[in-house]
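**Q** The residues making up each chain are set out below.
Protein chains: 4
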Amino acid sequence: MIIILKHKTPKEEVQKLMGEIEKLGVNVHLSEGSEKSIIGLIGDTTKIDPRKIEANRNVEKVMHVQEPYKKANRLFHPEDTVIKIGDAEIGGKNICLIAGPCSVETEDQITEIAKNVKETGAKMLRGGAFKPRTSPYSFQGLGMDGLDLLQVARKNTGLPIVTEIMSTSQLDRFARDVDVIQVGARNMQNFDLLKELGKLDKPILLKRGLSATIEELLMSAEYIMAGGNEKVILCERGIRTFETYTRNTLDLSAIPAIKKLSHLPVIVDPSHAAGMWWMVEPLSKAAVAVGADGLIIEVHNDPANALCDGQQSIKPEVFENLVKDLRNIATAVGREIK
Amino acid sequence: MIIILKHKTPKEEVQKLMGEIEKLGVNVHLSEGSEKSIIGLIGDTTKIDPRKIEANRNVEKVMHVQEPYKKANRLFHPEDTVIKIGDAEIGGKNICLIAGPCSVETEDQITEIAKNVKETGAKMLRGGAFKPRTSPYSFQGLGMDGLDLLQVARKNTGLPIVTEIMSTSQLDRFARDVDVIQVGARNMQNFDLLKELGKLDKPILLKRGLSATIEELLMSAEYIMAGGNEKVILCERGIRTFETYTRNTLDLSAIPAIKKLSHLPVIVDPSHAAGMWWMVEPLSKAAVAVGADGLIIEVHNDPANALCDGQQSIKPEVFENLVKDLRNIATAVGREIK
Amino acid sequence: MIIILKHKTPKEEVQKLMGEIEKLGVNVHLSEGSEKSIIGLIGDTTKIDPRKIEANRNVEKVMHVQEPYKKANRLFHPEDTVIKIGDAEIGGKNICLIAGPCSVETEDQITEIAKNVKETGAKMLRGGAFKPRTSPYSFQGLGMDGLDLLQVARKNTGLPIVTEIMSTSQLDRFARDVDVIQVGARNMQNFDLLKELGKLDKPILLKRGLSATIEELLMSAEYIMAGGNEKVILCERGIRTFETYTRNTLDLSAIPAIKKLSHLPVIVDPSHAAGMWWMVEPLSKAAVAVGADGLIIEVHNDPANALCDGQQSIKPEVFENLVKDLRNIATAVGREIK
Amino acid sequence: MIIILKHKTPKEEVQKLMGEIEKLGVNVHLSEGSEKSIIGLIGDTTKIDPRKIEANRNVEKVMHVQEPYKKANRLFHPEDTVIKIGDAEIGGKNICLIAGPCSVETEDQITEIAKNVKETGAKMLRGGAFKPRTSPYSFQGLGMDGLDLLQVARKNTGLPIVTEIMSTSQLDRFARDVDVIQVGARNMQNFDLLKELGKLDKPILLKRGLSATIEELLMSAEYIMAGGNEKVILCERGIRTFETYTRNTLDLSAIPAIKKLSHLPVIVDPSHAAGMWWMVEPLSKAAVAVGADGLIIEVHNDPANALCDGQQSIKPEVFENLVKDLRNIATAVGREIK
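Protein chains in written order, with UniProt numbering: chain A, 1 to 338; chain B, 1 to 338; chain C, 1 to 338; chain D, 1 to 338.
Honestly, the hints are just simulated from the structure, not real lab data.
For clarity, every value in this text was computed on a predicted model and none was experimentally measured.
Backbone N, C-alpha and C fix where the C-beta goes; we use that ideal spot for every residue, glycine too.
There may be inaccurate statements among the hints.
What the hints assert, rightly or not - No farther apart than 25 Å at their CA atoms in a straight line, the calculated lysine-lysine pairs in the PhoX-like style are these:
| no. | chain 1 | residue 1 | chain 2 | residue 2 |
| --- | --- | --- | --- | --- |
| 1 | B | Lys6 | B | Lys23 |
| 2 | C | Lys259 | B | Lys36 |
| 3 | D | Lys259 | B | Lys315 |
| 4 | B | Lys8 | C | Lys47 |
| 5 | D | Lys260 | A | Lys61 |
| 6 | D | Lys338 | C | Lys195 |
| 7 | B | Lys260 | C | Lys36 |
| 8 | C | Lys36 | B | Lys70 |
| 9 | D | Lys315 | A | Lys36 |
| 10 | A | Lys259 | D | Lys47 |
| 11 | D | Lys195 | D | Lys47 |
| 12 | D | Lys6 | C | Lys315 |
| 13 | C | Lys11 | C | Lys23 |
| 14 | A | Lys315 | A | Lys155 |
| 15 | C | Lys93 | C | Lys259 |
| 16 | A | Lys61 | A | Lys16 |
| 17 | B | Lys70 | C | Lys6 |
| 18 | A | Lys61 | B | Lys6 |
| 19 | B | Lys61 | C | Lys47 |
| 20 | A | Lys324 | C | Lys260 |
| 21 | D | Lys115 | D | Lys260 |
| 22 | A | Lys118 | A | Lys315 |
| 23 | C | Lys324 | C | Lys23 |
| 24 | B | Lys11 | C | Lys260 |
| 25 | D | Lys23 | A | Lys61 |
| 26 | D | Lys47 | C | Lys8 |
| 27 | A | Lys36 | D | Lys36 |
Unchecked claim - A short, non-exhaustive set of chain B residues, derived as facing chain D with CB atoms under 7 Å:
| no. | residue |
| --- | --- |
| 28 | Ile4 |
| 29 | Glu243 |
| 30 | Tyr245 |
| 31 | Pro256 |
| 32 | Pro282 |
| 33 | Ala289 |
| 34 | Asp302 |
| 35 | Asn305 |
| 36 | Ile329 |
Using the sequences provided together with the hints, build the complete structure.
**A** Next comes the structure, spelled out in structure tokens:
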């Protein structure tokens with residue numbers, strides 16, 4: 001951490017500040033410039049709050065040198081983390097496909113889709129039971145009944161299930177019956193929820209918030225990991241920008257960035273990013289080419305009548321053709337889709 | 001709502017789609033252009049999910065004509081909503097000042113600040129007991145003990161208290177002991193929380209999310225109002241943009257926009273927007289000039305030693321001078337600070 | 001085009017507005033809703049300025065139905081445009097590689113790099129003679145001398161040259177000696193320059209502005225095409241978002257979007273997008289996978305001593321390995337790198 | 001400037017890099033941390049290109065400590081710059097009003113509006129002769145004829161004229177006949193134009209680009225000042241964000257930021273920011289309250305029939321009422337509108 005002092009800060013104020021910082025357990029180092037002086041902090045600064053230092057009226061700016069996250073940091077954990085869920089594996093050489101409908105609708109629907117995507121190569125089943133909707137008047141998901149249906153689909157296919165939690169009040173049921181608990185983009189900084197998930201021994205799929213930086217995503221992962229649960233899977237799903245043609249802008253540079261900064265696996269959700277079914281194919285291919293550890297794709301047997309987000313769902317036959325291409329791209333970049 | 005069809009959509013498909021839409025309870029109207037045809041929907045479209053229609057493969061785009069919110073809409077409620085909390089009033093001609101520290105620290109701290117700001121003209125006391133922090137290693141607030149201290153400060157000064165809720169598990173305590181429940185920017189689309197708050201008879205201060213559009217903010221207000229609680233106060237607190245000099249970019253155009261679209265009162269938080277104490281003064285003045293119904297300002301008696309966000313807090317004496325200027329600006333725009 | 005009228009607009013005002021619009025050469029169609037009425041415009045609306053209509057105080061909003069560009073529109077030109085430059089071809093099945101240093105420095109430098117990249121498979125040579133730099137104190141390029149050196153490199157290798165124009169005053173020289181004239185991101189809406197380029201019979205490489213929407217990029221292409229020059233190559237090079245880890249956010253969804261909306265070829269610049277050499281490889285792979293018609297990559301034989309942007313340049317040997325992988329990905333998506 | 005080195009950079013590489021940097025004329029200072037080492041640069045770093053240093057493969061990141069601009073920097077020029085144009089003055093205690101139509105249309109139009117706004121208190125006349133339009137099919141301005149009409153209006157009223165230049169080819173005429181040359185947002189980084197304007201002895205009104213940071217705006221001012229022309233007036237006119245309700249988001253925090261960083265005067269353009277006439281009033285008031293040195297406002301006697309941007313123009317009588325309120329707000333913040 002580096003502290004830039006204001007022009008003409010009196011010497012005694014500098015000394016006082018340095019003394020206060022040393023009490024926080026780090027070494028300090030003053031470097032006096034012609035216009036501005038800087039104080040360098042040496043040691044573990046993870047637990048020092050830069051804003052607290054900025055509150056000092058002689059401080060102009062505080063800049064990070066070290067990343068503010070520790071458990072998620074590749075610096076302290078150089079090997080890739082690989083997370084196993086039943087037969088599925090996320091991280092490492094393999095690319096993991098997760099597929100299924102936006103929301104669970106009926107037993108037939110979810111079971112049929114589950115069988116279809118399994119046959120094509122998906123290793124996990126996605127499906128929403130609780131749906132975050134912008135409008136209170138939109139379909140909100142089947143709730144607990146949806147979870148029941150997901151369990152039926154799992155029983156019939158053996159596919160582990162991934163579904164989104166929306167409140168700490170749903171925690172017990174999710175901990176018992178769900179294989180991977182998804183935290184949606186809108187809850188990425190629902191810190192109370194993250195803390196509770198940190199107490200579980202269960203993989204968490206953490207989606208990047210619409211306006212979250214890569215660093216903030218990793219800090220949210222750190223919340224879960226700091227609680228003791230290190231099974232975090234990150235997910236890039238598009239960020240909010242000025243461009244309105246696509247619903248969000250898929251930030252594929254985030255994948256190599258995250259692979260460099262962290263050891264955690266990271267997957268891509270091309271369906272929510274663009275919000276248009278015909279973009280799912282090219283974006284999925286790009287995601288595999290750029291180095292993602294997996295994909296989570298919306299597949300629906302009847303998109304036009306889906307209760308939710310049919311406009312971004314592809315049909316099982318499209319998914320099948322897509323996976324063929326993905327296998328070839330995976331090979332071209334030294335990866336594999338089992 | 002307007003549906004733009006794809007080029008060369010077969011007539012029978014158009015008819016089929018029109019039939020389906022009519023079943024949703026609205027009238028339809030076809031307008032055939034040389035390149036693209038459009039279907040207009042006439043009637044109450046609030047409850048029609050545009051994405052469901054976009055799932056139809058013949059549909060190119062769906063565009064809103066009417067706003068998707070109803071209870072928050074000024075069209076159906078032309079007069080300004082005025083919310084009373086004890087002696088305070090938000091909305092109408094009066095401009096309401098809310099002030100206090102970022103977080104509650106000690107009984108002495110909160111009580112002293114409360115007395116100070118009351119004397120200067122604040123009508124409510126703000127103070128965080130539960131703090132949403134990016135890092136799990138930062139100070140997280142005093143929690144329930146913080147609420148106790150806020151109650152002491154209220155008892156000593158008579159000021160109603162405004163404080164942030166972070167989880168549905170805190171709901172009972174907040175419902176009992178807090179005067180205005182604040183929903184922070186990160187929880188603006190925590191829909192489970194909004195639904196629960198909709199069941200209370202208690203004013204809710206709803207902050208705009210960092211990447212939320214004005215329409216999304218109003219849709220979140222609609223969640224609370226749809227549940228039966230119409231006492232919603234909106235708050236602009238800066239949005240995330242590419243500019244990094246300020247922590248966020250305060251969107252003051254949102255104030256006249258919201259006043260036009262909705263009857264709900266809207267206030268401004270200049271402290272969180274810029275994240276720098278010396279910007280609080282000019283931004284507060286601009287907020288009053290632009291038409292805000294109030295301000296929520298961080299005031300701390302010892303910012304340099306504040307446990308949280310001292311860099312954006314102003315001292316009581318600065319607040320006092322500021323309020324003098326604000327009164328004059330209020331007069332210049334036909335408003336009043338009591 | 002659709003015009004949404006304000007609530008309670010008097011009938012005679014509606015009639016008057018409809019009359020005025022009909023004079024612009026389109027048919028109009030009124031659709032009266034319970035809350036808001038809309039006027040639909042049928043015919044060629046390309047030449048109608050929506051803002052002029054919005055100036056009418058009874059108009060609430062004007063929405064496009066048809067794209068505002070015509071010559072760039074795939075609707076009126078369904079087949080892909082293929083542009084030939086010497087032996088190179090952009091558009092169609094082939095993927096075209098353009099490579100070279102950020103800026104031309106010496107005859108040896110540019111010739112050596114040109115030979116290297118040609119051997120690896122590049123079909124054109126890039127190199128800046130005039131450099132747009134944020135700071136007036138940074139190296140501004142060799143100017144006309146740089147163009148001389150590029151011509152030497154072309155003579156020695158046969159590779160057509162691509163280089164950036166910065167002012168209409170450079171037009172004659174560029175028209176004579178450059179094979180593809182590049183318009184940089186900062187000049188994408190330098191309309192005077194675009195108009196002049198529209199008078200040439202020379203391919204133009206038009207880069208997307210940092211904050212330009214896809215539609216605005218196509219409108220800038222339309223400026224050139226409206227002047228008579230239809231040889232426009234589009235280029236995605238990253239947009240400005242809130243994320244600061246990468247210099248810009250490469251918007252790969254723009255590629256399928258542009259392919260859908262327009263017949264013009266579109267390439268990707270992974271070097272400027274991320275601003276970091278180690279991201280060039282994964283982003284190039286993703287660009288090919290997503291459907292780009294080519295890549296423009298910064299390659300330098302000595303990045304650490306480059307006069308400009310060495311931090312985003314890759315070495316010739318890295319480029320060589322990259323191209324091997326790109327060929328395989330191209331095959332996987334049904335394309336080819338000759 | 002601070003250089004953060006990669007983890008485990010060999011000592012000899014660090015020494016080598018330090019030697020190279022010293023040759024650039026600054027002192028260096030190494031500070032070895034447990035994880036990462038940093039090199040501090042002491043002296044005038046304005047002319048050091050941070051990207052050149054980032055090109056070194058051992059460097060992780062380069063961070064500014066000092067601002068990269070010098071002539072625009074308040075640090076080296078603490079007093080406010082005041083620019084005089086005829087009787088008008090921008091900077092200092094006074095707030096300068098500039099008003100006029102979006103584009104010059106006829107002699108009657110421009111003269112009538114000029115008289116109107118002069119009477120109300122405007123000290124300069126704005127009016128576009130060359131108009132940057134997104135579409136090649138929109139009205140492009142009267143060009144040189146427009147300049148003739150502006151001169152007539154100046155002769156009739158005595159008001160100095162402000163109008164936008166779009167190309168270096170217009171330079172001679174502008175230098176001769178225009179009082180303040182405006183550089184539009186789209187040309188803020190048209191560096192060739194900025195360099196030419198730097199050679200004049202004529203005030204330049206430099207508008208912030210749609211996606212330009214405050215620092216980039218100041219760097220563009222530096223381009224003009226480095227050429228010898230220090231009469232630069234900055235203008236905030238809204239930035240591009242995800243919010244689409246307003247055309248752009250007016251960034252009023254930029255005003256106190258610029259006042260802190262630079263001695264140059266800064267004004268606000270509320271008309272282009274929001275793109276809606278009814279927002280001009282509240283945004284103008286906010287601009288004065290926040291500390292702007294002036295306003296540039298679009299006033300048209302017949303907005304509904306304006307050839308350009310009528311939707312954001314206010315009528316003379318609205319302007320008159322607005323100025324009354326602005327005078328009161330100016331007084332409230334210790335300023336004055338003469």
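**Q** Hints first: check each against the structure and report whether it holds.
**A** Right, here's what the structure says about each hint:
Between B:Lys6 and B:Lys23, the direct Cα distance comes to roughly 22 Å. Compliance with the 25 Å bound is thereby established for this hinted pair. A hinted pair counts as satisfied when its Cα atoms are at most 25 Å apart, and C:Lys259 with B:Lys36 qualifies at roughly 19 Å. A distance of roughly 22 Å separates the Cα atoms of D:Lys259 and B:Lys315; the hinted pair therefore holds under the 25 Å criterion. Proposed proximity of B:Lys8 and C:Lys47 is supported: the alpha carbons are some 23 Å apart, at most 25 Å.
Distance check on the hinted pair: D:Lys260 and A:Lys61 sit about 14 Å apart at the alpha-carbon level, within 25 Å; holds. Distance hint between D:Lys338 and C:Lys195 is unfulfilled; the C-alpha atoms sit about 43 Å from each other, more than 25 Å. For a cut-off of 25 Å, the pair hint linking B:Lys260 to C:Lys36 stands: about 16 Å separates their Cα positions. Under the criterion of a C-alpha separation no larger than 25 Å, the hint pairing C:Lys36 with B:Lys70 is consistent with the structure, at around 14 Å.
For the given pair, D:Lys315 sits about 50 Å from A:Lys36 by alpha-carbon distance, which is inconsistent with the 25 Å threshold. As the CA atoms of A:Lys259 and D:Lys47 are separated by approximately 34 Å, the hinted pair breaks the 25 Å bound. Among the hinted pairs, D:Lys195 with D:Lys47 is consistent with the structure: their alpha-carbon atoms are about 17 Å apart, no more than 25 Å. Restraint check: the Cα-Cα separation between D:Lys6 and C:Lys315 comes to about 20 Å, which is no more than 25 Å; the hinted pair holds.
Restraint check for C:Lys11 and C:Lys23: satisfied, since their Cα atoms lie roughly 19 Å apart, inside the 25 Å limit. Restraint check for A:Lys315 and A:Lys155: satisfied, since their Cα atoms lie roughly 23 Å apart, inside the 25 Å limit. For the hint pairing C:Lys93 with C:Lys259, the CA-to-CA distance comes to about 13 Å; that is within 25 Å, so the pair holds. For the suggested pair A:Lys61 and A:Lys16, the alpha carbons sit about 17 Å apart, so the restraint of at most 25 Å is met.
Note on B:Lys70 and C:Lys6: the hinted pairing holds, with a Cα-Cα distance of about 17 Å set against a maximum of 25 Å. In summary, the hint linking A:Lys61 to B:Lys6 is not supported, as the alpha carbons are separated by about 53 Å, beyond the 25 Å threshold. Restraint check for B:Lys61 and C:Lys47: the C-alpha separation of about 22 Å stays at or below 25 Å, so the hint holds. A threshold of 25 Å between alpha carbons decides the hint, and for A:Lys324 with C:Lys260 the separation of about 23 Å falls inside it, so the pair holds.
With a C-alpha separation of about 36 Å, the suggested pairing of D:Lys115 with D:Lys260 is violated against the 25 Å cut-off. A hinted pair counts as satisfied when its Cα atoms are at most 25 Å apart, and A:Lys118 with A:Lys315 qualifies at roughly 14 Å. A hinted pair counts as satisfied when its Cα atoms are at most 25 Å apart, and C:Lys324 with C:Lys23 does not qualify at roughly 59 Å. At most 25 Å may separate the alpha-carbon atoms for a hinted pair to count; B:Lys11 and C:Lys260 meet this at roughly 23 Å.
A distance of roughly 28 Å separates the Cα atoms of D:Lys23 and A:Lys61; the hinted pair therefore is violated under the 25 Å criterion. Restraint check for D:Lys47 and C:Lys8: the C-alpha separation of about 61 Å exceeds 25 Å, so the hint is violated. Between A:Lys36 and D:Lys36, the direct Cα distance comes to roughly 22 Å. Compliance with the 25 Å bound is thereby established for this hinted pair. For B:Ile4, the suggested interface contact is broken, since its CB lies about 18 Å from the closest CB of chain D, more than 7 Å.
Hint status for B:Glu243 relative to chain D: holds, with the closest Cβ pair at about 6 Å, below 7 Å. Below 7 Å, beta-carbon pairs count as interface contacts, and B:Tyr245 has one with chain D at about 5 Å; its hint therefore holds. About 5 Å separates the beta-carbon of B:Pro256 from the nearest beta-carbon of chain D, less than 7 Å, and the hint is met. Checking B:Pro282 against chain D: minimum C-beta separation of about 5 Å stays under 7 Å; hint holds.
Below 7 Å, beta-carbon pairs count as interface contacts, and B:Ala289 has one with chain D at about 4 Å; its hint therefore holds. For B:Asp302, the suggested interface contact is broken, since its CB lies about 24 Å from the closest CB of chain D, more than 7 Å. Because the smallest distance between the Cβ of B:Asn305 and any Cβ of chain D comes to about 25 Å, over 7 Å, the interface hint for this residue is violated. Checking B:Ile329 against chain D: minimum C-beta separation of about 5 Å stays under 7 Å; hint holds.
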